Amino acid sequence: MSGAPHLGGPDPGSAGKGQTTYVDAIRAGLREEMARDERVFLLGEDIGVYGGAFKVTDGLIQEFGEQRVIDTPIAETAIVGAAVGAAMMGMRPVAEMQFIDFISCAFDMITNFAAKSRYRTGVGVPLVIRGPSGGGVHGGPFHSQNPEAYFAHTPGLKVVQPATAYDAKGLIKSAIRDDDPVLFFEHKFLYRRIKEELPQEEYLVPIGKAAVRRSGRDLSIITYGAMVWTALEAAKTLEAEGIDAEVVDLRTLFPMDEETVLESVAKTNKAILLHEATRTGGIGAEIAAVLSERCFEYLDGPLVRVTAPDTPVPYSPPLEEAFLPNSEKLCRAARALAAY
Amino acid sequence: MDLSREQKRDLYRFMRSNRVVEEKLVNLYRQGKVVGGLYRSLGQEATSIGTAYALKKGDIVGPLIRNLGVVLVMGYSPRDVMTQYMARATSPSGGKDCNLHFGDPDRGVISPISMLGALVPVMAGIALAGRMQKKDIVTMTWIGDGGTSTGAFHEGINFAAVQKLPLVVVVENNGWAYSTPFRKQTAAKNLADKAVAYGIPGEQVDGNDVLAVYAAARRAVDLARSGGGPTLIEAMTYRMKGHAEHDAQAYVPKEELEEWRQRDPLERYARTLVESGDATAEELAAIDRAVTEEIDREAEAAEKSPLPDPAIALQNVYAKPSSEKEPVVVRKQS
Numbered sequence: 017m018s019g020a021p022h023l024g025g026p027d028p029g030s031a032g033k034g035q036t037t038y039v040d041a042i043r044a045g046l047r048e049e050m051a052r053d054e055r056v057f058l059l060g061e062d063i064g065v066y067g068g069a070f071k072v073t074d075g076l077i078q079e080f081g082e083q084r085v086i087d088t089p090i091a092e093t094a095i096v097g098a099a100v101g102a103a104m105m106g107m108r109p110v111a112e113m114q115f116i117d118f119i120s121c122a123f124d125m126i127t128n129f130a131a132k133s134r135y136r137t138g139v140g141v142p143l144v145i146r147g148p149s150g151g152g153v154h155g156g157p158f159h160s161q162n163p164e165a166y167f168a169h170t171p172g173l174k175v176v177q178p179a180t181a182y183d184a185k186g187l188i189k190s191a192i193r194d195d196d197p198v199l200f201f202e203h204k205f206l207y208r209r210i211k212e213e214l215p216q217e218e219y220l221v222p223i224g225k226a227a228v229r230r231s232g233r234d235l236s237i238i239t240y241g242a243m244v245w246t247a248l249e250a251a252k253t254l255e256a257e258g259i260d261a262e263v264v265d266l267r268t269l270f271p272m273d274e275e276t277v278l279e280s281v282a283k284t285n286k287a288i289l290l291h292e293a294t295r296t297g298g299i300g301a302e303i304a305a306v307l308s309e310r311c312f313e314y315l316d317g318p319l320v321r322v323t324a325p326d327t328p329v330p331y332s333p334p335l336e337e338a339f340l341p342n343s344e345k346l347c348r349a350a351r352a353l354a355a356y
Numbered sequence: 002m003d004l005s006r007e008q009k010r011d012l013y014r015f016m017r018s019n020r021v022v023e024e025k026l027v028n029l030y031r032q033g034k035v036v037g038g039l040y041r042s043l044g045q046e047a048t049s050i051g052t053a054y055a056l057k058k059g060d061i062v063g064p065l066i067r068n069l070g071v072v073l074v075m076g077y078s079p080r081d082v083m084t085q086y087m088a089r090a091t092s093p094s095g096g097k098d099c100n101l102h103f104g105d106p107d108r109g110v111i112s113p114i115s116m117l118g119a120l121v122p123v124m125a126g127i128a129l130a131g132r133m134q135k136k137d138i139v140t141m142t143w144i145g146d147g148g149t150s151t152g153a154f155h156e157g158i159n160f161a162a163v164q165k166l167p168l169v170v171v172v173e174n175n176g177w178a179y180s181t182p183f184r185k186q187t188a189a190k191n192l193a194d195k196a197v198a199y200g201i202p203g204e205q206v207d208g209n210d211v212l213a214v215y216a217a218a219r220r221a222v223d224l225a226r227s228g229g230g231p232t233l234i235e236a237m238t239y240r241m242k243g244h245a246e247h248d249a250q251a252y253v254p255k256e257e258l259e260e261w262r263q264r265d266p267l268e269r270y271a272r273t274l275v276e277s278g279d280a281t282a283e284e285l286a287a288i289d290r291a292v293t294e295e296i297d298r299e300a301e302a303a304e305k306s307p308l309p310d311p312a313i314a315l316q317n318v319y320a321k322p323s324s325e326k327e328p329v330v331v332r333k334q335s
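Residue numbers (this note's numbering), protein chains in the order written: chain A, 17 to 356; chain B, 2 to 335.
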């Protein structure tokens with residue numbers, strides 16, 4: 017992946033034995049839930065025999081059969097629509113979007129059918145829609161997007177985005193067990209770049225709980241997904257300059273763990289809202305509003321967003337690098353805020 | 002035709018109920034008691050009722066707004082429909098959604114959303130789940146000629162065909178999608194032909210002949226139940242009123258309306274029953290009276306039903322209620 021914009025994160029070569037990558041962790045979570053609960057089934061494009069474009073579901077058709085790992089036509093409306101119907105019948109479908117960009121093709125099914133069903137008719141739709149989001153791999157405008165804000169803006173949906181292998185496994189399991197529709201945004205840059213040792217025993221990561229990844233006292237970087245690694249890298253650089261940054265990984269974007277965010281900012285009194293998605297109407301704007309409403313008196317500086325600009329995701333490496341937030345851009349913003 | 006005399010009269014009673022409920026709703030609408038639009042199925046009653054009547058207990062339907070007859074066949078009451086239209090707390094959706102937007106899988110009905118075509122893939126998913134759960138479920142959904150232009154219609158039928166799912170898709174070709182005539186909707190000569198492209202059977206039927214509709218639906222349902230996959234039925238009918246009650250349908254040629262008025266499905270079926278000896282004119286008149294009395298009572302009860310408590314507006318977005326209260330402001334201790 018030479019020439020890839022540096023999103024940060026551990027060196028992929030440094031992992032030891034017995035460690036699980038982000039992609040393997042998602043698969044392990046899916047497998048455990050399928051083994052535990054026969055209502056769980058998967059559907060999507062090329063997920064069965066081929067194992068998925070990113071091999072997230074590799075081997076599962078051999079283990080669970082083609083009734084529970086369904087290769088579908090290229091039809092996201094049908095994939096999510098069928099998942100909605102099956103979920104209404106008490107099944108626990110997990111629909112894959114081959115690239116999360118294609119989730120727009122199923123927008124009606126998600127925002128109008130799945131999200132509103134319980135409210136309108138009392139019928140819950142416990143489905144999971146998962147897929148690879150994010151840039152850094154020169155995928156161009158249609159294989160790099162971060163569309164989470166559209167869905168965090170839709171009442172009835174839950175939105176999660178894990179940053180670590182541990183969370184990827186624990187959150188996919190929680191998403192499958194959740195009684196409401198959950199959108200599970202994976203980051204394709206992380207699939208094979210991060211690994212860690214996972215517990216042998218079963219565990220869940222609760223939806224709606226953020227995690228403080230690094231404790232600091234000067235300013236809080238509130239972020240999620242691959243940008244957690246960017247924030248940690250920047251925090252290291254800033255530390256050498258005498259700026260002590262706290263890094264909060266939201267993990268769930270809706271319902272958001274406002275308490276953890278507030279606690280952090282009440283301590284540091286300054287906040288940077290960092291995300292890879294574009295700026296206007298993004299999750300960062302929502303956090304800024306929450307901070308302004310709920311802990312205005314604690315703020316000692318402006319609420320600063322570090323995000324992608326309001327453009328499509330460009331393809332060519334220098335263009336994509338200019339587009340994506342990175343450690344350098346984050347450090348610049350942090351220095352200015354620390355000095356405020 | 003395996004319909005008993007009783008069942009044939011039952012069909013008539015449902016068709017009459019469908020019509021009278023709507024006539025009652027028109028009165029309520031003119032009195033300003035209906036909240037929002039009123040969507041008629043005048044002239045299309047045979048299509049709704051003939052198709053739904055071919056199903057059995059345990060089957061699941063996804064009707065649209067002009068399928069009042071379907072929800073009656075599935076066991077919802079005239080009062081349910083009228084409280085829906087009047088946005089009452091006691092309505093099936095509790096005031097959360099309008100008109101025929103209600104349902105409950107346990108009662109065999111999936112609520113539509115307004116986006117046409119969306120029900121087709123969802124009903125395919127219902128059928129898929131039924132197969133996984135080893136349940137004997139046939140699913141049926143309805144769509145207009147206009148709705149067949151949507152992507153969801155295509156994706157849903159295609160998926161159901163590939164998976165050989167027990168799904169019957171009834172296209173009610175009533176000639177009009179709001180103000181758009183059939184010829185501006187599609188270049189296809191007829192909509193049943195679309196089945197060929199999906200590799201499934203397609204059949205065109207006279208949608209104003211309830212017995213013909215029932216027979217076609219029964220063939221499709223039997224095929225679906227035996228593992229033969231989906232069928233596309235095109236029922237030829239006509240929308241005798243505007244898109245909704247506000248629409249005077251000035252765009253509809255008068256002679257065309259008159260032509261279809263001659264083919265009114267209810268009057269036609271009454272003649273058939275009398276001619277075949279399955280009912281006398283007096284017996285049908287008795288059914289009419291009983292239906293009208295029942296619906297008068299139901300309307301009275303519906304009008305007495307309360308409007309919903311505003312607190313309900315915040316409820317049931319998620320399975321577990323979140324903190325739907327004012328956020329707490331964190332203040333510095335002074």
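Derived from the structure by calculation, the hints contain no laboratory data.
No experiment lies behind these values; they were computed from the predicted model shown.
Incorrect hints may appear among the rest.
Unchecked claim - Derived pair list, reagent style BS3-like, types lysine-lysine, alpha-carbon separation capped at 25 Å:
| hint | chain 1 | residue 1 | chain 2 | residue 2 |
| --- | --- | --- | --- | --- |
| 1 | A | 283 | B | 57 |
| 2 | A | 225 | B | 9 |
| 3 | B | 333 | A | 189 |
| 4 | B | 333 | B | 255 |
| 5 | A | 252 | A | 283 |
| 6 | A | 225 | A | 283 |
| 7 | B | 25 | B | 305 |
| 8 | A | 252 | A | 345 |
| 9 | B | 190 | B | 136 |
To be verified - Some chain A residues judged to face chain B by a derived CB distance under 7 Å, without partners named:
| hint | residue |
| --- | --- |
| 10 | 128 |
| 11 | 134 |
| 12 | 140 |
| 13 | 153 |
| 14 | 156 |
| 15 | 157 |
| 16 | 158 |
| 17 | 171 |
| 18 | 276 |
Where a beta carbon is used, it is the ideal one built from N, C-alpha and C, also for glycine.
So, going through the hints one by one against the coordinates:
For the suggested pair residue 283 of chain A and residue 57 of chain B, the alpha carbons sit about 64 Å apart, so the restraint of at most 25 Å is broken. At roughly 60 Å between alpha-carbon atoms, residue 225 of chain A and residue 9 of chain B are farther apart than 25 Å, so this suggested pair is violated. Restraint check for residue 333 of chain B and residue 189 of chain A: not satisfied, since their Cα atoms lie roughly 39 Å apart, outside the 25 Å limit. Using a Cα cut-off of 25 Å, the hinted pair residue 333 of chain B and residue 255 of chain B is violated, with the two alpha carbons roughly 74 Å apart.
Taken as a hint, the residue 252 of chain A and residue 283 of chain A pair is honoured in the structure, with Cα atoms around 20 Å apart against an allowance of 25 Å. As the CA atoms of residue 225 of chain A and residue 283 of chain A are separated by approximately 19 Å, the hinted pair is consistent with the 25 Å bound. At most 25 Å may separate the alpha-carbon atoms for a hinted pair to count; residue 25 of chain B and residue 305 of chain B meet this at roughly 15 Å. For a cut-off of 25 Å, the pair hint linking residue 252 of chain A to residue 345 of chain A stands: about 14 Å separates their Cα positions.
Distance check on the hinted pair: residue 190 of chain B and residue 136 of chain B sit about 38 Å apart at the alpha-carbon level, beyond 25 Å; violated. With 7 Å as the threshold, the beta carbon of residue 128 of chain A comes within range of chain B, its nearest partner Cβ sitting at about 5 Å, so the hint holds. Contact between residue 134 of chain A and chain B, as hinted, is supported at the beta carbon level, the nearest pair being about 6 Å apart and thus within 7 Å. Hint status for residue 140 of chain A relative to chain B: holds, with the closest Cβ pair at about 6 Å, below 7 Å.
For residue 153 of chain A, the shortest C-beta to C-beta distance to chain B is roughly 29 Å, which exceeds 7 Å, and the interface hint is violated. Below 7 Å, beta-carbon pairs count as interface contacts, and residue 156 of chain A has none with chain B, the closest being about 24 Å; its hint is therefore violated. Interface hint at residue 157 of chain A: violated, since its Cβ lies 21 Å from the closest Cβ of chain B, which is beyond the 7 Å cut-off. At a threshold of 7 Å, the smallest CB-CB gap from residue 158 of chain A to chain B is about 18 Å, leaving the interface hint violated.
Hint on residue 171 of chain A holds. Least Cβ distance to chain B is approximately 5 Å, under the 7 Å limit. Checking residue 276 of chain A against chain B: minimum C-beta separation of about 13 Å lies over 7 Å; hint violated.
The structure fails to meet hints 1, 2, 3, 4, 9, 13, 14, 15, 16 and 18 from the earlier list, while all remaining hints are met.
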